[in-house]
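Q: Following the hints, complete the assembly by docking chains B, C and D with the ligands onto the known chain A.
Chains A, B, C and D supply the protein sequences, listed in that same order.
Numbering-wise, this note's numbering comes out as the position in the first sequence, counting from 1, plus 302.
Numbering-wise, this note's numbering comes out as the position in the second sequence, counting from 1, plus 778.
Numbering-wise, this note's numbering comes out as the position in the third sequence, counting from 1, plus 1.
Numbering-wise, this note's numbering comes out as the position in the fourth sequence, counting from 1, plus 48.
Calculated from the structure, these hints are not laboratory results.
A few of these clues could be false.
As the list claims (entries may be wrong) - Cross-link-like lysine-lysine pairs, in silico, BS3-like; alpha carbons within 27 Å at most:
1. C:84 with C:98
2. C:98 with C:24
3. D:498 with A:353
4. A:349 with D:498
5. C:84 with C:24
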Amino acid sequence: MPWLPPNVSAHGGEIDGIFYVILWITVIIFLLVEGGLLWFIFRYRHKEGRKAEHTHGNWKVEVVWTAIPFIIVVVLGAMSWGPWSAARNPARAPSDAVELAVHASQFEWQVTYPGPDGELDTGDDFEQRNQLHIPVDRPIRIHLSSEDVIHSFFLPHFRVKQDVVPGMEGQSLWFEATEPGEYVLACAELCGTGHTRMMGSVTVYPAGEFEAWQARNAASN
Amino acid sequence: MDATAEAEMQAQEGNQPNYMLVWAGLAVLTLLEVGVAFVGFSETVTVIILVGLAIWKALLVALYYMHLRFEPPRLVVMVIAPLPLAAILVLAALTDF
Amino acid sequence: MDRMTVPAGMDQAEVGIGVPNMKLGMWVFLLSEVMFFTALIGSYILLRSARPEAFAEPGEVLNVPLTAFNTFVLICSSVSMVKAFAAIEHGDQQGLKRWLLVTVGLGAFFLGVQGYEYFELASHGFVPVAEAYHAAGEPLYGATFYTLTGFHGAHVTLGVLAMIWITIRAFRGRYTQGSHAGVETMGLYWHFVDLVWIILFTIVYLI
Amino acid sequence: MATTVEHTPGQAHAEHHEPSFWRKYIFSTDHKIIGIQFLFMSLLFLLLGGLLALVIRWQLGWPSDPSMPMPGGSALPESMVNSGIILPEFYNSAVTMHGTIMIFFAIMPLLVGVFANYLIPLQIGAPDMAFPRLNMASFWTAFPAGLIMVAGFFVAGGHSAAGWTQYPPLSANPEYTGVYMGQTLWLVSMIILGFSSLMGAVNYITTVINMRAPGMTWFRMPLSVWALFITAILILLAVPVLTGALILLLFDSSLGTSFFLPEAGGEPLLWQHLFWFFGHPEVYILILPAMGFVSEIIASGSRKPIFGYPAMVLAIIAIAFLGWGVWGHHMFQSGMAFTLGAGFMATTMVIAVPSAIKTFNWMATMWRGDLHFHVPMMHAVAFVGMFVIGGLSGVFVASTAVDIFLHDTYFVVAHIHYVLFGGSLFAIFGAIIYWYPKMFGRLMSPTLGKIHFWLTLLFFNLTFFPMHFLGVNGMMRRIYDPTQYEFLQPLQGWNTFITISAILLVIAQLIFAFNFIWSLFRGEPAGPNPWRANSLEWTAPSPPPHGNFDATPVVYRGPYEYSSPLSDEDYLPQSVPPVDEAPGGPPAPDDPETGDGESSEPASRQEG
Ligand code: HEA
Ligand code: HEA
Ligand code: CUA
Ligand SMILES: [Cu+2]
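Same shape as in the complex, but just chain A (with noise of 0.2 Å):
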């Protein structure tokens, strides 16, 4: 059975975490309902002489069935309210971070690199298209912007999705891998004929290794 990418991020692990919580609560419900009626269906079908009994109801029995699920949402809601904040909160944006800037355009990644200097928007900084390269173990900090049409900066392994709007300024996310490696940067918004060829590499270097290949490309820049 096919099943959710193994994930490859800090924060991930934590939103599996609650879709699991999710999938193992509804599979229950999923079970009581659908078991429920299969019984039903077999237990009260239409025999000679069976009187269907003259019931309007019962108030009791319908409050506990709107508590229980109250309950339950509101605590899936707060569970979620954690992992989202730390995602999205502008405040709890890492200050450390390797800060990159993706431009999306119709449809391709430009992706900005700092040179050694760290810094963007200096002279030494570099250019690559549709290739992510990151450090392992460093918060990742990606400052977004878009040249046309709404595009989503879609990270299968790092559980991370963010659309990109044109026009609007200031976006970006963060992020930290895990695993060194290879993955897939991919588009998750319609954007044009070309948007499912939108994609992109991810490259995560082992410790140190980052720094290397940034040094080799602004250098060849």
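A: For chains B, C and D with the ligands alone, coordinates are given in the frame of chain A:
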């Protein structure tokens, strides 16, 4: 025309509002608005006063010219029902702009 | 007379809310109008709070005195409309006709003034489309202004046309003290359009 | 009481002279004919939407595979399908139009255009709608809207390709999609359709408020009427917001304004707020009537009063009301303020509760019932089972955190189809089969009906359940070729499997089409009350004459008095006078005479 509606009519005959008075009120409020807009209070004060006056005028029209004051309560309830929705849309979205 | 049939001794109120179909229908329709203008006015408010710099100060571009006068015209047309209704309520045919004519006239006059206003503004480069725009503020200002006032104008136009039809019927003596649902329904629509303008005038011209 | 008959113009009319063919069937003001006109129109659109789904599935099953050319593709112009290969431009249009047509031209008119028209007057005991001519206008506005929408396929540049949600800037600037005329036609058609819905809504609301038969108090109305009434209110207040937004978008795309275009100062997110403020109420417009029909069918199929009628009514109202405060759950990842997102999560979670009440009350209605599994009942029970799956998947995406991963993946596509097909469409099939005898005087073949039901239930699940897996794997929506992504390649087997199931699903629908048409002529004639049900429409002949009832029915009780101790039959129609009232004992329930209140005091006198 059925009995109750007939009765409604009578009711209106009774306290038929003074339309001219309402008209004068609307005219004065309009002048007031233009005044407020240009005496140059602070931004917020102006907005608050102007919106207040506009609502006042709107109420005059709805209550007297559209006879809401003389309609059965159920109709009145029905009429104000969508206003909260309008408010939700604008206010919620405002926090985003 | 609505089509509901009621056995003797039971009145409409048992099931309805004591408002005849025509009138109730118009009210229901007006509720949808409220939401329609909410979409337009809401968009204006949101865009303006998002990009204040795109909008000019009141009076900077728009001719407020002229429009204030026009607002007064519309208010007058409202009172003449309600006078027409009051007249037929008392079975006064003459009054009905007179006041309806006045209302039609005022409505048409309002449109005339708005047309003149548009013409003036456009000639100063205040237009809805982005390229041709060269007035204070930014194209967004022109686009929102013409859309809001334009759709109100369209409502007034429809109102005037309907009102002419009602007036014709009035001259044919179709309305009596007992039955004049047409006049009342027309009035509701007309006052609503006036009400919308009261809001628009404040938000678009004064704030 | 004689006065009553006089007062029913429709009646007099029907007896005196036969109207011409055109007046009777084409430009009819009879709510029943108009309902049936909507029925034929929207079924054709349902078929079209289904075929477009096959285009989508063919591409996803064998992405751009020369060895698998699209059947009939050669019939289509090069600009759509080139030597059997579906082009990405056409794929995007197909997805857009599949969604648009299914939601606005198939399901919405089926639920509201057909059944609000047909059922409301019959079930509240009125001779017709409050505004019959407005009602006719409503259909004859929807029809041209449909033609315009279809015309979009034939214009240069193809049809709109911005998704049924039409997010600008993509939809607002033709350069981004290469679609010019098609986009304009899409917008114009949708604006016109909005007027049609509006006329309908005004009519339904006025009719329900003002034209209920004597004794038909609010809490004696069938749940179908309640659902349609509340739905009409949602339409009345939601559609104008969409119309407003569409107009702004039309100006942007063709007049050069910039409401949603950032380069000239517009706000793309403004569209999303307006669209979804309409959009979420819209999805409840697409489920509430279905819930109403299912309540009718389950009660009569279980021969048992609906469990907790007041709670069911309140749940409908609660869903409708809360539905206005959740639209942001479609925008969690849109760049909207994150606090706002959290707020919308809270409201969205809560909205699961009223649906819970309905689900459990339906089950409780079946509990200790005497279940007759006629074909409508099968669909109604399947509705409950399938809707729950769709609802529960909704709870996953309602969690802002989880939605970060699931948003715009096939998990959402699965959700859509479980609620819209498993929910709305199953209920529609059930409702069509349930009220078909009333509409056409004949029953649809139960044998074909059962075959269609089981095949549909099977292939529906085989088609859409695996989509949950695709989504959980991160497969994006609206992509033309998933195999371009390495991490999605292992899933291609599932995609092919889904496509094959989908093809079989569509074929299974042809059985329904055949049954529907065949039964028009060959179906077994049905009496006035084939399901032995209680609500008023079953006291009128099948099909009811112009004017519906011989005399205005008088209502003595709620619509769900099944297996009542007061009757020796297992049902007790709303208009049968209580025993003590009627001289000469209770008439047999399906005695057509029970239609009129002649033999009785007005209902206002007693409480039931
Ligand atoms: C008939 C239509 C319909 C219905 C009824 C619903 C019902 C619900 N929908 Fe759905 N939705 C759509 C149609 C519908 N939806 C469509 C078309 C889209 C996609 C739009 C697009 O193209 O982007 C969408 C998308 C959509 C999203 C956005 C996903 C995304 O794009 O990321 C979300 C997020 O919150 C959501 C949530 C819900 C919820 C919480 C409900 C709830 O109302 C469900 C409530 C029901 C239940 C929960 C089941 C029964 C209850 C019980 C058995 C009790 C026990 C349950 C618990 C305790 C949890 N829907
Ligand atoms: C009620 C709505 C509805 C229905 C019924 C369906 C039915 C189907 N849908 Fe659709 N779908 C949507 C609403 C619906 N869909 C929406 C809103 C979207 C999002 C669009 C977007 O992203 O913009 C979508 C998107 C969507 C996608 C995602 C595309 C993408 O993101 O790239 C896919 C992919 O497989 C799909 C497949 C199908 C299939 C195989 C069916 C099958 O079930 C079809 C089965 C066939 C029928 C139901 C027709 C039966 C015909 C009759 C019964 C007629 C009888 C005729 C006579 C009597 C004359 N749909
Ligand atoms: Cu960029 Cu899809
Ligand atoms: Cu929603």
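Q: Taking 27 Å as the top limit, are the C-alpha atoms of residue 349 of chain A and residue 498 of chain D close enough?
A: Within the cut-off at roughly 20 Å; holds.
Q: Would the hint linking residue 98 of chain C and residue 24 of chain C be met if the CA-CA limit is 27 Å?
A: holds, 21 Å
Q: Taken at face value, is the distance from the CA of residue 24 of chain C to the CA of residue 84 of chain C at most 27 Å?
A: Holds: residue 84 of chain C and residue 24 of chain C sit about 18 Å apart, inside 27 Å.
Q: Residue 498 of chain D and residue 353 of chain A: Cα distance at most 27 Å?
A: holds, 25 Å
Q: Within a Cα-Cα threshold of 27 Å, do residue 84 of chain C and residue 98 of chain C meet the stated pairing?
A: Holds, at roughly 10 Å.
In summary, this structure violates none of the numbered hints.
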